[in-house]
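There are 2 protein chains.
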Amino acid sequence: MRTSIATVSLSGPLSEKLTAVATAGFDGVEIFENDLLGSPLSPEEVRLRCADLGLSIDLYQPFRDFEAVPADTLARNLRRAERKFAVMERLGADLLLVCSSVAPESVDDDALAAEQLRLLADRAADHGIRIAYEALAWGRHVSTYDHAWRIVEQADHPALGTCLDSFHILSRGSDPKGIADIPGEKIFFLQLADAPLMAMDVLQWSRHYRCFPGQGGFDLAPLVAATVAAGYQGPLSLEVFNDVFRQAGAASTAVDALRSLLLLEESAGLSVLPAASAPSGFAFAELTAADTEPLRGVLDALGFAHTARHTWKPVELWEQGDARILLNTGVSGRRQDPALTAIGVETPEPDRAARRAEAVLAPVVPRRRAQLDAPLDAVAAPDGTEIFFCRTEQADHISWTGDFTELPSRALPKERVEQGERGEPSAAAIRRIDHIALTQPWHQFDEASLFHRGVLGLEADGSLDLADPYGLVRSRAVASPDGGVRIVLNIAPAPDADGPRLQHIALATDDIVGAARRILASGASLLPISANYYDDLEARHDLEPERLATLAELGILYDRDENGEFLHCYTATVGRVFFELVQRTGGYRGYGAQNAAVRLAAQHLHQQGV
Amino acid sequence: MRTSIATVSLSGPLSEKLTAVATAGFDGVEIFENDLLGSPLSPEEVRLRCADLGLSIDLYQPFRDFEAVPADTLARNLRRAERKFAVMERLGADLLLVCSSVAPESVDDDALAAEQLRLLADRAADHGIRIAYEALAWGRHVSTYDHAWRIVEQADHPALGTCLDSFHILSRGSDPKGIADIPGEKIFFLQLADAPLMAMDVLQWSRHYRCFPGQGGFDLAPLVAATVAAGYQGPLSLEVFNDVFRQAGAASTAVDALRSLLLLEESAGLSVLPAASAPSGFAFAELTAADTEPLRGVLDALGFAHTARHTWKPVELWEQGDARILLNTGVSGRRQDPALTAIGVETPEPDRAARRAEAVLAPVVPRRRAQLDAPLDAVAAPDGTEIFFCRTEQADHISWTGDFTELPSRALPKERVEQGERGEPSAAAIRRIDHIALTQPWHQFDEASLFHRGVLGLEADGSLDLADPYGLVRSRAVASPDGGVRIVLNIAPAPDADGPRLQHIALATDDIVGAARRILASGASLLPISANYYDDLEARHDLEPERLATLAELGILYDRDENGEFLHCYTATVGRVFFELVQRTGGYRGYGAQNAAVRLAAQHLHQQGV
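Quick note, the sequences are listed as chains A and B, same order. The first sequence begins at 255 in our numbering and counts up one residue at a time. The second sequence begins at 255 in our numbering and counts up one residue at a time.
Where hints are given, some of them may not hold.
No copy is singled out in the list; a pair is fine if it fits within one copy or between any two copies.
20 Å max Cα-Cα, derived SDA-like pairs, lysine to any residue [to be verified]:
(1) K338 x Q848
(2) K440 x S269
(3) K338 x A793
(4) K440 x E547
(5) K338 x A803
(6) K338 x D796
(7) K338 x D736
(8) K338 x R794
(9) K338 x P620
If you're looking for bench data, these hints aren't it; they were derived computationally from the structure.
Using the sequences provided together with the hints, build the complete structure.
Okay, here's the thing in structure tokens:
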């Protein structure tokens, strides 16, 4: 279907919004009146600009407080409308959004509302303009879509139809099934917005917290499907009032917006994209640094072995169990401090995954590879992390490991680490990457979550607030259904803080106590945790005194839920990166959120050298 | 009364919080458990630290989900409590806050709750500890203060009392009058927090939006008065969960917090401070710059005359009518760009105003003056702007103008400007400073508003959201009752934006059209406003075509309300500063908020050179 977006959804002056909308690939725009009023472009110039950019102007909006008013007010309102019709003719826009009135002087009289709207439609028709009447969720007398439709039906004018808005419908808990009762040709427009489920004043909710489809808690697909089934022929148009999007860059927000529509079309059964299939695990995590020496030290202490090197790039492969870390010294540009720059995920069909990613507008990473390089498909996540679709050492696909040459010494360090007394892998060895945590730019939290769901096929948990000593960290995990890939997305508390956006790699072991002792024995240190935490742990959980003493000795944090236990501890931070060791037992699926405040406090103290 | 504050109200690690609390001048603290758990200090060390700082530990909190549970849970909860009693003994804290349960397994049985709380109090008494039972507004079965008191009464144990919390009481709309029915000695603690009036889930409201007394919408004074009248002997203690305070500096937040308590004590009739009396007008506004040449050009175009110079500082006085601008080139430190650094306000009794400011912890500005200098009393507002209490050329007080020497040329430029054809002041002259607008650091909006009310005796309007192209600007005006002094406090939209914090001086005239023409005639420019704005103005208001054309020609914005009209236009921005010309007719009291989006868009375009 055709796609459109209201200019109010993006930041900046009108001309920049239009460019961003066209560049992202939308077919049209809704011109939000305030954007025109603040623009130095005349309506004719806006019309030309849109034509040059290949954008249709699908709607001019909003026109407020028109209907069900006394005669003298009606006369003033019709005069006001005529002025707007004149602007619309200059713009070349032929559809005007009229919101249900919130004016105190409007009366609760459907017949009067219908009569006055018929009059308005008649005037509009003289200018070749049509009127789309929409129920605001907080309209004074008309606040539901079926009520707005009854008035439109009663008015019975060819230039008068209704506008459906998913926020106004779903925020009131209305059932979208009733849309099927509206003739498709009388649905003049469909505006789409999602929103997190919140118990708050609906006007404030609408004005500040709307988000793009799939980023909130509403189920938009049935609403869209019902509207299309009713015979709606217009565009799918986004209208999102959001405090964050108002500040973020228009270009990236527009891409994010169009992606949300493409995914919504897919889930509503209106389009078919290359199917998503969740990755089964991490192929690798890549750390980049000008000087990798400190990272090598940590990896060595963690028991990793340097097993191979890239045939022609300055990249080392370090391995332990199924955990693979790449150390890349090919730093280009400003990134100097060690940083996590790429993730490889094990994907059943890498080619299809890449096609899907491209179809939903994931930025494809330019392939800087030589002839010999394995065909690695990669896209950039919103925070810039590169995601590679991999199939590691399977017969049906070329493996990225083919680009690496094994080191002759490979067997030695691995044995030292992985084998216990009887030559079997020690339980204290690292098994694999458990999860990866990435701090997101503060304005891309919702975008990142939708990206990982829509592009990678991961599922999102709810959002949590974690108490950092200097503010709340918003956190949300996305994971494959079996937990093979888990990514934790965090938003740092202070948006004006210039501090590094921390990232960490959590490594799974079956014996965290043994693993921690091994790290300490190697001379490396673990993050010290306050003794007060263990007093509290003892009060909350009836742990054996000996076990508690061991946890306290090693700085291991503890959590449990109805399914199992979670134990975790942390290395020091190198550049922007640190490592976590985790041991899960039973079916524990979380990330130890209960302990986050204590861990964050400890990390702040550690970095201050206390 | 004694003052206290919960450590959760401030940012940073526990040791820094304690220092900030003591430095601000509080008598005690509530130790919030998570702050202790994240601290490397042992309970004994915290006890010592508090003793060194002269702080009492008034409360340890919170203990959750204790009462009205099955027997096995009770046993576990008592075990948990014993561990906390042990921590409290090490801390030297003798009062534990127990919140009403939210646990699903708790039952709605007051007798059982009372019985189990009696048991808890009995155990506590063995350690010399008392229990303060508080109703959470979202408690599962107990959510009102009178219900919590009935259970405490029923339990009838000397070590069991109730804790009152203004947020939990007022957020539910409970009437604090009932507090009079509780014996004072059974009110073990009083926690105070304000909050903006919001229609939202009460738990979210409480966790994120609490603020200090006087910064929100609750009427705390009657609640405090009722509690003290009932015989309450404990401290007034602040417990504020606020996303912004969690990020702001602990030291300044602690001062802000104590100021709010001092003002609350005053309004509850518990203390007497030097009385506030609202200033009657602006004595001057002081602009500081390394190079004042661009400012001189603007002032000259506005019709100001350089009338005097400071006897020994590099400060010029520019005058027009009652508007006085000081240009200061004595720049110390980093401020290079022109900036508004000080405001003088006409105050009936400057000495008393200064005593009041000091009494409510306004930072006194060090007097860098020589022998001859007039006794100017000044304090620093939260954004750093210096506020001088003045009495300009009145017989009963030394005037700051005494430090200035009139220039011989004084009469000439004034005449040119102020006199019309018949030698009378032209209506197009500037009369006085209408208002001053200051962009606040993003985390000091509520603090600034309370400062200007509590220190200067101004009254605050409601908070507005203004749409800037790059985000919403929060705006709130504080003004004297007669409008003689008006200050607009704004919060820039993007907290991570490094842009300058704009300030502006609005100048009142009786003939804005004449004033604008004079400025243009002098060769200076005014901010151009989009023609689309005037199309819309015509649609909204039935202005005469000629008048509309004049407004459009000069870039004058227009608003009106039921009392009168407001016309305003803007100069270009110099450094961080620009000027606004305003003409008010009738009783219009606002600031043209309706036009803010268009003006902000125009300023962005102008600064980008479009």
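Results of checking the hints against the structure:
1. K338 x Q848: Classified as between; 18 Å across copies, 56 Å inside a copy.
2. K440 x S269: Result: close neither inside a copy nor across copies, 32 Å intra and 66 Å inter.
3. K338 x A793: between (68 Å within a copy, 7 Å between copies)
4. K440 x E547: Neither way: K440 and E547 sit 68 Å apart in one copy and 64 Å across, limit 20 Å.
5. K338 x A803: between (75 Å within a copy, 18 Å between copies)
6. K338 x D796: between (71 Å within a copy, 14 Å between copies)
7. K338 x D736: neither (56 Å within a copy, 39 Å between copies)
8. K338 x R794: between (66 Å within a copy, 10 Å between copies)
9. K338 x P620: neither (47 Å within a copy, 58 Å between copies)
Of the hints listed earlier, those the structure fails to meet are numbers 2, 4, 7, 9, in rising order.
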